[in-house]
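Asker: Each chain, written out:
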Amino acid sequence: DTAVSQTPKYLVTQMGNDKSIKCEQNLGHDTMYWYKQDSKKFLKIMFSYNNKELIINETVPNRFSPKSPDKAHLNLHINSLELGDSAVYFCASSPTGIEQYFGPGTRLTVT
Amino acid sequence: ILNVEQSPQSLHVQEGDSTNFTCSFPSSNFYALHWYRWETAKSPEALFVMTLNGDEKKKGRISATLNTKEGYSYLYIKGSQPEDSATYLCAKYSSASKIIFGSGTRLSIRP
Numbered sequence: 001d002t003a004v005s006q007t008p009k010y011l012v013t014q015m016g017n018d019k020s021i022k023c024e025q026n027l028g029h030d031t032m033y034w035y036k037q038d039s040k041k042f043l044k045i046m047f048s049y050n051n052k053e054l055i056i057n058e059t060v061p062n063r064f065s066p067k068s069p070d071k072a073h074l075n076l077h078i079n080s081l082e083l084g085d086s087a088v089y090f091c092a093s094s095p096t097g098i099e100q101y102f103g104p105g106t107r108l109t110v111t
Numbered sequence: 001i002l003n004v005e006q007s008p009q010s011l012h013v014q015e016g017d018s019t020n021f022t023c024s025f026p027s028s029n030f031y032a033l034h035w036y037r038w039e040t041a042k043s044p045e046a047l048f049v050m051t052l053n054g055d056e057k058k059k060g061r062i063s064a065t066l067n068t069k070e071g072y073s074y075l076y077i078k079g080s081q082p083e084d085s086a087t088y089l090c091a092k093y094s095s096a097s098k099i100i101f102g103s104g105t106r107l108s109i110r111p
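Residue numbers (our numbering), protein chains in the order written: chain A, 1 to 111; chain B, 1 to 111.
Everything hinted at is true.
Restraint-style ranges between C-beta atoms, simulated for each label pair:
| no. | chain 1 | residue 1 | chain 2 | residue 2 | range |
| --- | --- | --- | --- | --- | --- |
| 1 | B | S18 | A | E99 | 24 to 32 Å |
| 2 | B | P8 | A | D38 | 19 to 27 Å |
| 3 | B | P111 | A | N51 | 43 to 51 Å |
| 4 | A | E99 | B | E83 | 16 to 24 Å |
Computed, partial: chain A to chain B, Cβ under 10 Å:
| no. | residue |
| --- | --- |
| 5 | Y33 |
| 6 | Y35 |
| 7 | K40 |
| 8 | K41 |
| 9 | L43 |
| 10 | I45 |
| 11 | E53 |
| 12 | F102 |
| 13 | G103 |
| 14 | G105 |
None of these hints come from the bench; they were simulated from the model.
If you're wondering where the values come from, they're calculated on a predicted model, not measured in any experiment.
Every residue gets a Cβ at the ideal spot worked out from N, C-alpha and C, and that includes glycine.
Here chain A stands alone, though its shape is the one from the complex (with noise of 0.2 Å):
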């Protein structure tokens, strides 16, 4: 059983479109993450999540916003996509806010 599951797994789309990324874990955990790996391989918190509360890393555009329709699924959506959020984008749950289990990653191509 797959723990941490994103779809899909590639995505290639054209500029100024309006995409969604999601996940869902099957952990029961309680807090949940968006990661970006940029073009030098950086891993970068874009958002975590609890069922209380949204953490936003300020340096994430306003044209990303995560979505969780319960506590199992948080989802990524992204508006007026640019050549520049082309990354692989991973999810991930914790059960404490450390330990850390990531889905397998969404590769994002904009065109």
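For chain A, the structure is supplied; the task is to place chain B on it using the hints.
Answerer: Here is chain B on its own, set in the frame of chain A:
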């Protein structure tokens, strides 16, 4: 040190040799340090969570130490095997939502 820095960036080791690499981080606002193992085309997997100065963790041939006062952690691999080839990431937590990852040390084991 303002960011989390890992050295070396890459390392080539003969099978059977032992090796180690470093994670340096700002010593202020320390909450936890996490080591991850990241194989190509997969997602990061947790190795160790370290919280206390002087912590030593061990899992099989891999071990890690932590010095929070001077802001560094070492990861050691004893008797390297081909399956140890991966990128090793460290991440400093200042809180459950303030996480900074290093860029990783890419380890290749020569048979």
